[in-house]
Amino acid sequence: MKSERQRDEIAKRENTIAFEMEGAAVWETFPCLVIKGACDYADSRKTKSFQRYAAATAAACTRAFLDSLVSSER
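Residue numbers (my numbering): 4 to 77.
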């Protein structure tokens with residue numbers, strides 16, 4: 004999505020707080036849970052500079068989620 008105006012219109016109309024920009028088709032073809040990190044504004048200001056931080060936070064959340072599953076099975 005390149006337009007912040009379009010993003011804001013959709014967010015307001017659909018009461019949306021985030022947009023999936025890359026892997027939306029993953030869960031349509033493979034049943035899974037997708038945990039992602041937020042790394043940009045979903046507009047023309049998109050940059051790769053924050054992606055490593057977002058990936059690290061998503062990995063930490065995934066680890067915590069998996070640890071909670073293992074703990075609840077014991």
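Think of the hints as simulated: they come from the structure by calculation, not from any bench. Take the hints with a grain of salt, since some may be wrong.
Below, in silico cross-link-like pairs of lysine to aspartate or glutamate (EDC-like), each with a Cα-Cα straight-line distance of 20 Å or less [what the hints assert, rightly or not]:
#, residue 1, residue 2
1, K51, E17
2, K5, E31
3, K51, E12
4, K39, E12
5, K49, D70
6, K15, D70
7, K51, E23
8, K51, D70
9, K51, E7
10, K15, E31
11, K5, D46
12, K5, E17
13, K49, E23
14, K15, D43
Computed beta-carbon distance windows for the label pairs [what the hints assert, rightly or not]:
#, residue 1, residue 2, range
15, I20, A63, 19 to 25 Å
16, S6, L36, 26 to 32 Å
17, K15, S74, 38 to 44 Å
18, V73, R8, 16 to 22 Å
19, S6, S74, 39 to 45 Å
20, F68, Q9, 29 to 35 Å
21, T19, S52, 30 to 36 Å
22, Q9, S74, 21 to 27 Å
23, I20, S47, 36 to 42 Å
24, L69, R8, 36 to 42 Å
25, T65, T32, 39 to 45 Å
26, Y44, V73, 24 to 30 Å
27, R55, A14, 34 to 40 Å
Yeah, the Cβ is synthetic: ideal placement off N, Cα and C, and Gly gets one too.
Here is what the structure says about each hint:
1. A distance of roughly 27 Å separates the Cα atoms of K51 and E17; the hinted pair therefore is violated under the 20 Å criterion.
2. A threshold of 20 Å between alpha carbons decides the hint, and for K5 with E31 the separation of about 24 Å lies outside it, so the pair is violated.
3. Between K51 and E12, the direct Cα distance comes to roughly 25 Å. Violation of the 20 Å bound is thereby established for this hinted pair.
4. For a cut-off of 20 Å, the pair hint linking K39 to E12 is broken: about 23 Å separates their Cα positions.
5. Restraint check for K49 and D70: not satisfied, since their Cα atoms lie roughly 32 Å apart, outside the 20 Å limit.
6. In summary, the hint linking K15 to D70 is not supported, as the alpha carbons are separated by about 36 Å, beyond the 20 Å threshold.
7. For the given pair, K51 sits about 16 Å from E23 by alpha-carbon distance, which is consistent with the 20 Å threshold.
8. As the CA atoms of K51 and D70 are separated by approximately 29 Å, the hinted pair breaks the 20 Å bound.
9. About 18 Å separates the Cα atoms of K51 and E7, which keeps this hinted pair within 20 Å; it holds.
10. Straight-line distance between C-alpha atoms of K15 and E31 comes to about 25 Å, which puts the hinted pair past the 20 Å bound.
11. Restraint check: the Cα-Cα separation between K5 and D46 comes to about 4 Å, which is no more than 20 Å; the hinted pair holds.
12. Pair hint K5 plus E17 holds up; C-alpha atoms about 18 Å apart against a cutoff of 20 Å.
13. Taking the CA atoms of K49 and E23, the gap is near 13 Å; set against the 20 Å cutoff, the hint holds.
14. The straight-line distance between the Cα atoms of K15 and D43 is roughly 18 Å, inside the 20 Å bound, and the hint therefore holds.
15. In this structure, I20 and A63 meet the distance hint of 19 to 25 Å, their C-beta atoms being roughly 21 Å apart.
16. A hinted range of 26 to 32 Å holds for the C-beta pair S6 and L36, which are about 30 Å apart.
17. Judged by the Cβ atoms, the range 38 to 44 Å given for K15 and S74 holds: they are separated by roughly 40 Å.
18. For V73 paired with R8, a C-beta distance near 45 Å fails the hint of 16 to 22 Å.
19. The given range of 39 to 45 Å is respected by S6 and S74, whose C-beta atoms sit roughly 44 Å from each other.
20. Remark: the range hint 29 to 35 Å for F68 to Q9 is upheld by a beta-carbon distance near 32 Å.
21. At about 24 Å, the CB distance of T19 to S52 disagrees with the hint of 30 to 36 Å.
22. The beta-carbon spacing between Q9 and S74, approximately 42 Å, falls outside the hinted interval of 21 to 27 Å.
23. Between I20 and S47 the beta carbon distance is about 20 Å. The supplied range of 36 to 42 Å is therefore violated.
24. Taking 36 to 42 Å as the suggested C-beta distance range, the pair L69 and R8 conforms, at roughly 39 Å.
25. Distance hint for T65 and T32: a CB-CB separation of about 20 Å, inconsistent with the stated range 39 to 45 Å.
26. Our hint of 24 to 30 Å for Y44 and V73 is violated, since their Cβ atoms are close to 35 Å apart.
27. The hint said 34 to 40 Å for the Cβ distance between R55 and A14, and at roughly 26 Å that hint is violated.
Going through the hint list in order, the structure does not satisfy hints 1, 2, 3, 4, 5, 6, 8, 10, 18, 21, 22, 23, 25, 26, 27.
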